[in-house]
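Take these sequences, add in the hints, and give me the full structure.
Residue numbers (full-length UniProt numbering): 1 to 170.
FYI, nobody ran anything at the bench for these hints, they're computed from the structure.
Yeah, the Cβ is synthetic: ideal placement off N, Cα and C, and Gly gets one too.
Certain hints may be false.
[Unchecked claim] Capping the alpha-carbon separation at 27 Å, the derived lysine-lysine pairs in BS3-like fashion look like this:
#, residue 1, residue 2
1, K11, K22
2, K11, K21
3, K93, K70
4, K64, K28
5, K49, K11
6, K82, K93
7, K12, K70
8, K28, K12
9, K12, K93
10, K40, K93
11, K82, K12
12, K70, K28
13, K49, K28
14, K40, K28
15, K82, K70
16, K82, K64
17, K70, K49
18, K22, K12
19, K70, K11
20, K40, K12
21, K40, K21
22, K64, K21
23, K11, K28
24, K40, K70
[As the list claims (entries may be wrong)] If you anchor each label on the Cβ, the simulated ranges turn out as follows:
#, residue 1, residue 2, range
25, G66, K40, 18 to 28 Å
26, K82, K40, 35 to 45 Å
27, N34, N67, 32 to 42 Å
28, A14, W35, 15 to 25 Å
29, P17, N104, 30 to 40 Å
30, K82, K28, 19 to 29 Å
31, D78, N57, 15 to 25 Å
32, N67, A25, 22 to 32 Å
33, W33, E71, 13 to 23 Å
34, N104, K12, 33 to 43 Å
35, G43, D78, 35 to 45 Å
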Amino acid sequence: MAKSVENRALKKGAWSPEEDKKLIAYIKRYGIWNWAEMAKPAGLQRSGKSCRLRWVNYLRPGIKHGNFTKEEEETIIDLHEKLGNRWSVIASKLPGRTDNEIKNHWHAHLSKRLKYDLNSLPDMSDAEIDQYSSFETDPPPTNVLNALISESSAATFTDSLPSSSSNPKP
DNA sequence: AAGTCATACAACCGCCGGAAT
DNA sequence: TATTCCGGCGGTTGTATGACT
Numbered sequence: 001m002a003k004s005v006e007n008r009a010l011k012k013g014a015w016s017p018e019e020d021k022k023l024i025a026y027i028k029r030y031g032i033w034n035w036a037e038m039a040k041p042a043g044l045q046r047s048g049k050s051c052r053l054r055w056v057n058y059l060r061p062g063i064k065h066g067n068f069t070k071e072e073e074e075t076i077i078d079l080h081e082k083l084g085n086r087w088s089v090i091a092s093k094l095p096g097r098t099d100n101e102i103k104n105h106w107h108a109h110l111s112k113r114l115k116y117d118l119n120s121l122p123d124m125s126d127a128e129i130d131q132y133s134s135f136e137t138d139p140p141p142t143n144v145l146n147a148l149i150s151e152s153s154a155a156t157f158t159d160s161l162p163s164s165s166s167n168p169k170p
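Structure representation (C-alpha cells):
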C-alpha cells in the first residue's frame, strides 16, 4: 500500500535540467550505490530505473550525441545481422553510443533502409524462397556471443567514477 | 497561416538473470 | 534450496518537431 502511494508521488516524463544537475552532482559526490535508494537523497522524485536510464543514456561521461557516422551504421548493420536484437552487445562495440540510441536509430533508419534494399532484390515466390532457404536460422552459437561480449567488456564508462566502496552510502 | 501527417528521440514498462540472504 | 531484491535488457509508447498540403 505504501508502495502505491510512493509510486503515485514519483515524477514521470521528460527530465528537467535541474533534475539532471541533481543526479550528476549526487553521483559525482557519492557514486552509484543503489539506484532505488539514491533518488531520494539526491532530491529526485524519480524511480531508480528512471534515474539509471537517464544516467546511462544521456548523462554518463563519454556519451556521443548526434548523427551516426557511416562506419557506425555499417557496424550496426553488420552486428545486427550476426547478433540480432542484442542492442547492448552492439552498443558495447560502438564507444559512446547507448543501446537505446542504437535501437532507436535502427528502427528509425536502418531497418527501413534494409527493407528497401531487400525490396530491390529480384522477385521470388514464397515457394522459391522456401526452396532455397537452407541457411541456418538459429541464433549464433553461445561461444560466439560470449567472445563478442567479453571482448567489449574491457572498458566501461563507470571506470571514471568514484567506486561505491570508496564512496559509502551517505 | 492552419491543420495533418511522418519522423526522431526520450522515456516507460515488463520481464529476466544474477547476487545476496 | 527457495525467496527477494536489484540491475539490465528489449519492446513499446508518448511527445516534440519538421515537412507537407
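Consistency of the hints with the structure:
no., hint, result
1, K11 to K22, "holds, 14 Å"
2, K11 to K21, "holds, 16 Å"
3, K93 to K70, "holds, 15 Å"
4, K64 to K28, "holds, 20 Å"
5, K49 to K11, "holds, 12 Å"
6, K82 to K93, "holds, 13 Å"
7, K12 to K70, "violated, 35 Å"
8, K28 to K12, "holds, 23 Å"
9, K12 to K93, "violated, 31 Å"
10, K40 to K93, "violated, 34 Å"
11, K82 to K12, "violated, 36 Å"
12, K70 to K28, "violated, 34 Å"
13, K49 to K28, "holds, 18 Å"
14, K40 to K28, "holds, 16 Å"
15, K82 to K70, "holds, 18 Å"
16, K82 to K64, "holds, 24 Å"
17, K70 to K49, "violated, 32 Å"
18, K22 to K12, "holds, 16 Å"
19, K70 to K11, "violated, 38 Å"
20, K40 to K12, "holds, 15 Å"
21, K40 to K21, "holds, 14 Å"
22, K64 to K21, "holds, 18 Å"
23, K11 to K28, "holds, 23 Å"
24, K40 to K70, "violated, 42 Å"
25, G66 to K40: 18 to 28 Å, "violated, 34 Å"
26, K82 to K40: 35 to 45 Å, "holds, 42 Å"
27, N34 to N67: 32 to 42 Å, "holds, 36 Å"
28, A14 to W35: 15 to 25 Å, "holds, 19 Å"
29, P17 to N104: 30 to 40 Å, "violated, 22 Å"
30, K82 to K28: 19 to 29 Å, "violated, 37 Å"
31, D78 to N57: 15 to 25 Å, "holds, 23 Å"
32, N67 to A25: 22 to 32 Å, "holds, 30 Å"
33, W33 to E71: 13 to 23 Å, "violated, 37 Å"
34, N104 to K12: 33 to 43 Å, "violated, 19 Å"
35, G43 to D78: 35 to 45 Å, "holds, 43 Å"
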